[in-house]
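2 protein chains.
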Amino acid sequence: MQILKQPLDELLNQVAKRNRQQANRPDVEASVAGILADVRQDGDAALRKYEKQFDQVDLTDFKVPQSVIDDAYDNCDPKLLAALKLAQRNITAYHKKEITYGFVDAEQKGVVRGQKVLPLAAVGLYVPGGTAAYPSTILMSAIPAKLAGVKQIVMVTPPQPAGINPAVLAAAKLAGVSAIYQVGGAQAIGALAYGTQSIPKVDKIMGPGNIFVATAKKQVFGQVSIDMIAGPSEIGIIADETAKAQQVAADLLSQAEHDKLARPMLVTTSAAFAEAVSQAVDEQLVTLPRREIATASVNDQGFIAVVANTDDAFTLMNAVAPEHLEIQLANPMTYLNQIKNAGSVFLGTTASEPLGDYVAGPNHILPTSGTARFFSPLGVYDFVKRTQFIQYTPEALAKEAAPITTLARVEGLEGHARAIESRF
Amino acid sequence: MQILKQPLDELLNQVAKRNRQQANRPDVEASVAGILADVRQDGDAALRKYEKQFDQVDLTDFKVPQSVIDDAYDNCDPKLLAALKLAQRNITAYHKKEITYGFVDAEQKGVVRGQKVLPLAAVGLYVPGGTAAYPSTILMSAIPAKLAGVKQIVMVTPPQPAGINPAVLAAAKLAGVSAIYQVGGAQAIGALAYGTQSIPKVDKIMGPGNIFVATAKKQVFGQVSIDMIAGPSEIGIIADETAKAQQVAADLLSQAEHDKLARPMLVTTSAAFAEAVSQAVDEQLVTLPRREIATASVNDQGFIAVVANTDDAFTLMNAVAPEHLEIQLANPMTYLNQIKNAGSVFLGTTASEPLGDYVAGPNHILPTSGTARFFSPLGVYDFVKRTQFIQYTPEALAKEAAPITTLARVEGLEGHARAIESRF
Numbered sequence: 001m002q003i004l005k006q007p008l009d010e011l012l013n014q015v016a017k018r019n020r021q022q023a024n025r026p027d028v029e030a031s032v033a034g035i036l037a038d039v040r041q042d043g044d045a046a047l048r049k050y051e052k053q054f055d056q057v058d059l060t061d062f063k064v065p066q067s068v069i070d071d072a073y074d075n076c077d078p079k080l081l082a083a084l085k086l087a088q089r090n091i092t093a094y095h096k097k098e099i100t101y102g103f104v105d106a107e108q109k110g111v112v113r114g115q116k117v118l119p120l121a122a123v124g125l126y127v128p129g130g131t132a133a134y135p136s137t138i139l140m141s142a143i144p145a146k147l148a149g150v151k152q153i154v155m156v157t158p159p160q161p162a163g164i165n166p167a168v169l170a171a172a173k174l175a176g177v178s179a180i181y182q183v184g185g186a187q188a189i190g191a192l193a194y195g196t197q198s199i200p201k202v203d204k205i206m207g208p209g210n211i212f213v214a215t216a217k218k219q220v221f222g223q224v225s226i227d228m229i230a231g232p233s234e235i236g237i238i239a240d241e242t243a244k245a246q247q248v249a250a251d252l253l254s255q256a257e258h259d260k261l262a263r264p265m266l267v268t269t270s271a272a273f274a275e276a277v278s279q280a281v282d283e284q285l286v287t288l289p290r291r292e293i294a295t296a297s298v299n300d301q302g303f304i305a306v307v308a309n310t311d312d313a314f315t316l317m318n319a320v321a322p323e324h325l326e327i328q329l330a331n332p333m334t335y336l337n338q339i340k341n342a343g344s345v346f347l348g349t350t351a352s353e354p355l356g357d358y359v360a361g362p363n364h365i366l367p368t369s370g371t372a373r374f375f376s377p378l379g380v381y382d383f384v385k386r387t388q389f390i391q392y393t394p395e396a397l398a399k400e401a402a403p404i405t406t407l408a409r410v411e412g413l414e415g416h417a418r419a420i421e422s423r424f
Numbered sequence: 425m426q427i428l429k430q431p432l433d434e435l436l437n438q439v440a441k442r443n444r445q446q447a448n449r450p451d452v453e454a455s456v457a458g459i460l461a462d463v464r465q466d467g468d469a470a471l472r473k474y475e476k477q478f479d480q481v482d483l484t485d486f487k488v489p490q491s492v493i494d495d496a497y498d499n500c501d502p503k504l505l506a507a508l509k510l511a512q513r514n515i516t517a518y519h520k521k522e523i524t525y526g527f528v529d530a531e532q533k534g535v536v537r538g539q540k541v542l543p544l545a546a547v548g549l550y551v552p553g554g555t556a557a558y559p560s561t562i563l564m565s566a567i568p569a570k571l572a573g574v575k576q577i578v579m580v581t582p583p584q585p586a587g588i589n590p591a592v593l594a595a596a597k598l599a600g601v602s603a604i605y606q607v608g609g610a611q612a613i614g615a616l617a618y619g620t621q622s623i624p625k626v627d628k629i630m631g632p633g634n635i636f637v638a639t640a641k642k643q644v645f646g647q648v649s650i651d652m653i654a655g656p657s658e659i660g661i662i663a664d665e666t667a668k669a670q671q672v673a674a675d676l677l678s679q680a681e682h683d684k685l686a687r688p689m690l691v692t693t694s695a696a697f698a699e700a701v702s703q704a705v706d707e708q709l710v711t712l713p714r715r716e717i718a719t720a721s722v723n724d725q726g727f728i729a730v731v732a733n734t735d736d737a738f739t740l741m742n743a744v745a746p747e748h749l750e751i752q753l754a755n756p757m758t759y760l761n762q763i764k765n766a767g768s769v770f771l772g773t774t775a776s777e778p779l780g781d782y783v784a785g786p787n788h789i790l791p792t793s794g795t796a797r798f799f800s801p802l803g804v805y806d807f808v809k810r811t812q813f814i815q816y817t818p819e820a821l822a823k824e825a826a827p828i829t830t831l832a833r834v835e836g837l838e839g840h841a842r843a844i845e846s847r848f
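Protein sequence lines correspond, in order, to chains A and B. Residue numbers for the first sequence follow the numbering used here, so the first one is 1 and each next one is one higher. Residue numbers for the second sequence follow the numbering used here, so the first one is 425 and each next one is one higher.
Don't read these hints as lab results, they were simulated from the structure. Note that beta-carbon positions come from the ideal geometry of N, C-alpha and C, so glycine has one too. You may find that some hints are simply not true.
[Claimed, not checked] With the Cβ distance kept under 10 Å, some of the chain A side facing chain B (calculated, not the full set):
1) PRO26
2) LYS116
3) GLY176
4) VAL345
5) PRO354
6) ALA372
7) LYS385
8) LEU397
9) ARG418
[Stated by the list, open to error] Reference listing, derived: stretches of chain A covered by chain B, where coverage requires no fewer than 3 residues with Cβ under 8 Å from a Cβ of chain B:
10) 68–74
11) 80–87
12) 95–108
13) 126–136
14) 220–229
15) 246–254
16) 411–417
[Claimed, not checked] Listed next, the in silico DSSO-like pairs over lysine-lysine satisfying Cα-Cα at most 27 Å (straight line):
17) A:LYS116 x B:LYS823
18) A:LYS340 x B:LYS625
19) B:LYS625 x B:LYS487
20) B:LYS521 x B:LYS540
21) B:LYS823 x A:LYS173
22) A:LYS97 x B:LYS570
Starting from the given sequences, assemble the full structure and let the hints guide the process.
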């Protein structure tokens with residue numbers, strides 16, 4: 001792996017460049033706009049047309065029959081089912097703590113103010129096709145939705161020549177997905193946003209996808225809500241020589257194997273440790289099944305940076321704002337304060353990143369490409385909305401009537417002032 | 425006003441049609457994409473070019489000098505300043521209750537899981553120009569940001585021939601806005617998303633604007649976060665004959681005066697009350713200063729629907745999902761359960777909507793056009809992000825190692841399994 005030893009300022013400049021999002025692609029924008037308009041206009045007929053064109057399938061019914069889902073669940077390998085159930089228990093226990101209930105405030109005489117938290121009625125989960133259809137991801141998105149109280153969880157996924165992966169179907173049943181439709185791409189996003197004859201309109205669309213899916217999500221935003229725009233996976237590791245080079249290398253490769261564009265990054269205070277990890281990465285790559293992908297990621301996207309001290313290491317990692325951040329230092333919890341931008345943090349040498357991918361409980365749907373500056377891990381809070389309420393007695397309104405009419409008239413809104421005055 | 429007496433199903437169909445968002449405008453999309461690319465490339469020079477072209481001003485410095493802000497504050501009418509301070513106190517008291525602090529979960533032996541809640545570092549507030557630059561809106565957006573712990577609150581607003589409204593500057597100072605820049609339109613959104621020589625890059629952009637601003641916000645989403653896409657104002661009122669027609673009419677007009685596209689809506693169980701309100705609206709319109717706007721809103725966008733009972737009234741209003749909802753029925757708090765989709769709810773005949781616009785404390789930046797189905801009022805939660813963390817002992821990891829490697833191998837991610845196994 002590339003070992004960088006430049007001064008901190010230069011490293012920060014490099015990171016800033018990496019975190020700049022790609023500009024929008026006008027050709028994709030236009031093509032997606034056309035697909036969305038067609039789906040809005042023609043519903044199922046447009047879905048059929050695009051599934052024929054893009055996925056070479058001619059579907060009469062998009063919905064996966066319940067019997068197929070039940071069979072997948074009933075025939076699921078017991079070891080896999082037990083692992084999914086462990087994950088389900090831990091994900092549920094963790095995300096339960098994200099549930100909020102609003103409040104009532106009765107601090108002033110004659111005034112009640114408050115906030116209700118309500119679940120979204122229906123959400124759509126986009127699940128990519130092929131090998132990127134992960135059963136663990138179904139649990140990570142559907143369980144927080146169920147905990148929020150969402151009644152209708154609709155899953156869409158591109159049709160597959162061999163049918164949808166049975167492990168995905170089993171996970172969907174375990175997590176309480178309401179219905180699964182075989183439709184993908186921008187047309188699937190259109191179906192969820194506008195509704196068709198067979199696919200219900202939802203309130204929010206979650207889940208990663210290719211550039212057509214991501215562009216479609218941005219275009220329907222406002223018609224429905226959407227989650228974040230997902231990019232390639234990332235891992236940032238801060239480690240000193242108390243960590244084990246073999247383990248750090250293995251953790252870097254666990255993200256590198258996802259995608260040629262994945263970004264494995266190590267920041268360390270020890271030049272010798274940097275060398276040791278770089279060598280361990282090279283050695284481990286040789287026998288890794290997905291070595292072609294991982295090698296491209298390591299060589300083209302990855303880096304090891306050697307910095308002067310742990311403060312510099314955190315400064316650099318906060319600028320990266322990595323999706324996953326491992327702190328392989330002694331007493332790792334004491335660094336919590338220094339972490340400003342990261343999706344999910346793994347404290348200490350034992351907390352290997354794949355632990356969080358599967359069973360620990362915190363979410364694995366996380367902000368990428370520097371967006372941990374402002375986006376959060378998927379959680380129960382993504383599946384709720386809030387409604388405010390107030391009630392006033394006439395006496396309480398009388399006390400505030402003059403300031404209201406003053407502000408209304410300063411803003412040129414006489415009708416606002418008169419509405420208050422109509423009470424007196 | 426138009427009085428509708430169709431069966432509920434027909435009313436619901438009409439509402440569904442109204443809530444469909446406009447399709448995207450390809451011409452605007454392309455023009456905005458060009459402006460954003462220019463700002464990203466040329467920074468301040470591009471801002472100057474577009475401000476010359478769109479606002480006919482030639483600015484050397486975009487930043488409003490602190491002395492101008494201080495003067496506006498010092499010369500503010502004492503009555504106005506007192507009203508702004510009352511609003512500030514109530515907005516602060518209400519939004520304080522939205523603050524959350526994350527959690528630590530230590531329920532399993534050797535396992536710590538938790539979540540940190542952190543403020544966004546920098547946010548941008550877009551404030552529209554002309555008469556739509558409201559001092560109250562500055563308080564409503566900046567106060568929750570401050571409570572969340574945001575350090576840098578940057579305001580942008582189009583340059584005005586007479587300079588920026590002093591009441592807006594005074595409110596910005598009171599609310600703790602960090603800096604104000606005179607730049608508007610899509611170019612201002614680009615400046616906040618990418619940063620320029622004089623305007624800092626932010627993490628999230630909030631605030632309403634015209635179609636260029638809204639389109640620009642959608643296009644930069646992902647590079648930064650954005651709040652909801654705002655549409656014309658709406659008020660929905662559910663009232664029976666225990667309410668006063670004069671007051672209901674005044675409340676409908678308080679929203680109608682905002683915009684020709686604003687939607688004033690009344691649903692009532694009494695045909696006689698419907699007639700009385702319709703007549704009161706006509707009478708009050710005659711002397712309303714903004715009657716031209718309000719008349720267009722009432723005639724073209726407004727309606728009064730007469731329904732069979734209060735259950736039908738709530739069914740219809742939940743389909744509308746209004747920005748503001750007044751419940752002018754006896755014992756209004758007892759209907760809280762029936763409200764599924766609304767931004768802000770005003771319970772009882774005293775709680776006139778403008779009370780919530782100015783001083784009550786809950787936010788007045790609210791979801792419009794049916795988006796209360798999935799968007800929330802602006803709140804402290806809009807200015808924070810979350811970071812997860814886990815720490816495991818080797819013994820705790822050993823207990824979960826087999827399920828992790830099982831799941832990793834089912835998903836074809838051998839590197840994930842090996843990262844765990846490297847610990848043993």
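Verification of the supplied hints:
no.	hint	result
1	PRO26	6 Å, holds
2	LYS116	7 Å, holds
3	GLY176	19 Å, violated
4	VAL345	4 Å, holds
5	PRO354	4 Å, holds
6	ALA372	7 Å, holds
7	LYS385	5 Å, holds
8	LEU397	5 Å, holds
9	ARG418	5 Å, holds
10	68–74	violated (count 0)
11	80–87	holds (count 6)
12	95–108	holds (count 6)
13	126–136	holds (count 4)
14	220–229	holds (count 7)
15	246–254	holds (count 6)
16	411–417	holds (count 7)
17	A:LYS116 x B:LYS823	40 Å, violated
18	A:LYS340 x B:LYS625	17 Å, holds
19	B:LYS625 x B:LYS487	15 Å, holds
20	B:LYS521 x B:LYS540	18 Å, holds
21	B:LYS823 x A:LYS173	26 Å, holds
22	A:LYS97 x B:LYS570	25 Å, holds
Checked against the numbered hints above, the structure violates hints 3, 10, 17; every other hint is satisfied.
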